[in-house]
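Number of protein chains: 2
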Amino acid sequence: MTSPDSPSSIVGTAPGLPKTARGERTRTRILKAAEETFGTLGYHRAGIADITRAAGVASGTFYTYFSSKEQTLRELVQEMGRRLRAHLERETADAGDRLEAEEKGLRAFLQYLRDNPALYRVLQEAQFVDESIYRRYYESFGERYVRMLARATDRGEIRSGNDEVRVWALMGISNFIGLRYALWETEMDFDDIVATVSDLLRNGLAAGGGREKS
Amino acid sequence: MTSPDSPSSIVGTAPGLPKTARGERTRTRILKAAEETFGTLGYHRAGIADITRAAGVASGTFYTYFSSKEQTLRELVQEMGRRLRAHLERETADAGDRLEAEEKGLRAFLQYLRDNPALYRVLQEAQFVDESIYRRYYESFGERYVRMLARATDRGEIRSGNDEVRVWALMGISNFIGLRYALWETEMDFDDIVATVSDLLRNGLAAGGGREKS
Numbered sequence: 001m002t003s004p005d006s007p008s009s010i011v012g013t014a015p016g017l018p019k020t021a022r023g024e025r026t027r028t029r030i031l032k033a034a035e036e037t038f039g040t041l042g043y044h045r046a047g048i049a050d051i052t053r054a055a056g057v058a059s060g061t062f063y064t065y066f067s068s069k070e071q072t073l074r075e076l077v078q079e080m081g082r083r084l085r086a087h088l089e090r091e092t093a094d095a096g097d098r099l100e101a102e103e104k105g106l107r108a109f110l111q112y113l114r115d116n117p118a119l120y121r122v123l124q125e126a127q128f129v130d131e132s133i134y135r136r137y138y139e140s141f142g143e144r145y146v147r148m149l150a151r152a153t154d155r156g157e158i159r160s161g162n163d164e165v166r167v168w169a170l171m172g173i174s175n176f177i178g179l180r181y182a183l184w185e186t187e188m189d190f191d192d193i194v195a196t197v198s199d200l201l202r203n204g205l206a207a208g209g210g211r212e213k214s
Numbered sequence: 001m002t003s004p005d006s007p008s009s010i011v012g013t014a015p016g017l018p019k020t021a022r023g024e025r026t027r028t029r030i031l032k033a034a035e036e037t038f039g040t041l042g043y044h045r046a047g048i049a050d051i052t053r054a055a056g057v058a059s060g061t062f063y064t065y066f067s068s069k070e071q072t073l074r075e076l077v078q079e080m081g082r083r084l085r086a087h088l089e090r091e092t093a094d095a096g097d098r099l100e101a102e103e104k105g106l107r108a109f110l111q112y113l114r115d116n117p118a119l120y121r122v123l124q125e126a127q128f129v130d131e132s133i134y135r136r137y138y139e140s141f142g143e144r145y146v147r148m149l150a151r152a153t154d155r156g157e158i159r160s161g162n163d164e165v166r167v168w169a170l171m172g173i174s175n176f177i178g179l180r181y182a183l184w185e186t187e188m189d190f191d192d193i194v195a196t197v198s199d200l201l202r203n204g205l206a207a208g209g210g211r212e213k214s
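Taken in order, these protein sequences are the chains called X and Y.
So the first sequence is numbered by the UniProt record's numbering: it starts at 1 and just counts up by one.
So the second sequence is numbered by the UniProt record's numbering: it starts at 1 and just counts up by one.
These are computed hints drawn from the structure, not numbers from a lab.
A couple of the hints might just be wrong.
For identical chains, the list gives no copy identity; a pair is met inside one copy or between any two copies.
Said to hold, decoys possible - Derived pair list, reagent style DMTMM-like, types lysine to aspartate or glutamate, alpha-carbon separation capped at 25 Å: (1) LYS69 x GLU143; (2) LYS32 x ASP50; (3) LYS104 x GLU164; (4) LYS69 x GLU36.
All chains, full assembly: derive it from the sequences and hints.
Here's what the structure looks like:
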């Protein structure tokens with residue numbers, strides 16, 4: 001990250017993007033402070049002054065990297081999405097097949113959400129600032145997920161089917177299970193939850209012979 | 001509804017609850033206007049004057065039935081939940097078993113959401129007014145749903161399992177599938193979507209022999 005030839009997509013020459021490693025660290029610190037501030041106060045109540053105070057930078061520094069509070073939210077949501085995806089990729093890297101990756105992925109997601117509760121709140125609130133922020137987050141997540149299911153079908157790990165619909169169903173499961181068991185309940189162990197969802201994804205709900213019925 | 005002995009739970013003597021059928025109609029009209037107004041303008045931008053204008057009542061009339069905008073939101077969310085549940089009960093009444101009820105219920109939910117898009121927006125926004133409104137909506141929905149799954153298990157229609165976790169997974173599926181295919185896309189036919197989710201719920205995703213793996 002110290003070279004201008006760094007492959008990082010963050011370092012660049014577009015306006016607002018830092019040109020040095022130090023600038024990149026400052027920008028990252030402002031985004032982290034925005035995450036905490038939006039997560040605690042809510043987007044509407046949070047001011048730029050709250051963000052710069054939390055980041056320990058002057059307010060002029062904020063405007064070196066961001067043009068507005070809304071742009072900060074937009075970039076923060078993208079950054080949170082990248083961070084979560086990287087986390088899930090790491091945690092599912094050694095899964096033997098797609099269904100094991102789903103199981104490990106759900107567990108990793110629940111733990112991540114419990115450790116980073118601001119993610120959920122900021123994302124939900126973004127809907128009311130600009131729905132396209134929220135929509136792009138899930139669409140971008142969904143596109144990669146569809147490719148993963150398609151590869152799993154090719155490898156014979158799951159049956160073929162409408163993977164886009166399946167992906168939205170799977171994201172819906174993680175979202176509500178996360179809300180209920182990682183955010184609202186902060187103590188519950190994830191073992192039984194993950195086992196129940198994994199069984200649903202592997203086998204469905206039908207009492208013996210479900211496969212023949214459809 | 002014309003008798004004071006009406007069994008309706010709405011007619012009552014508690015402060016703010018109408019004592020006559022006419023009063024009940026006015027209160028219902030105000031709630032309907034609040035739904036439209038919150039759905040269009042958003043809760044924060046909508047004022048009580050917007051609600052009374054949409055309902056065609058004087059602002060004094062509003063305060064006969066509601067103490068504040070927040071109380072209106074709270075009662076509206078409860079009322080929307082009751083209406084949706086009644087709709088789903090009607091639409092799934094002739095289902096032969098729980099898995100058929102899930103299929104009919106998802107289709108009915110998607111159509112309902114497409115016809116009543118304010119439901120989603122008002123409910124989502126309620127999270128940021130008072131999270132307990134949002135939480136109570138889903139908890140109340142979930143409690144009934146758990147009882148339905150338990151009865152289906154007793155009848156041998158589905159395998160036994162942790163029904164509370166299953167219910168939050170099922171509600172998550174409906175929520176995201178509804179967001180994606182009923183609200184964001186307003187033209188798409190529901191047949192393939194419902195068939196895909198139904199297949200997931202009946203059979204899971206595992207390629208042949210999933211049941212043995214778990």
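Here is how each hint holds up against the structure:
When the C-alpha separation of LYS69 and GLU143 is checked against a cutoff of 25 Å, the pair qualifies neither within a copy, at 28 Å, nor between copies, at 40 Å. With identical chains, the CA atoms of LYS32 and ASP50 are at most 25 Å apart within one copy only, with a shortest distance of 12 Å there and 38 Å across copies. Proximity of LYS104 and GLU164 under a CA criterion of 25 Å is satisfied in both settings, with 21 Å inside one chain copy and 21 Å between copies. With identical chains, the CA atoms of LYS69 and GLU36 are at most 25 Å apart within one copy only, with a shortest distance of 14 Å there and 29 Å across copies.
Checked against the numbered hints above, the structure violates only hint 1.
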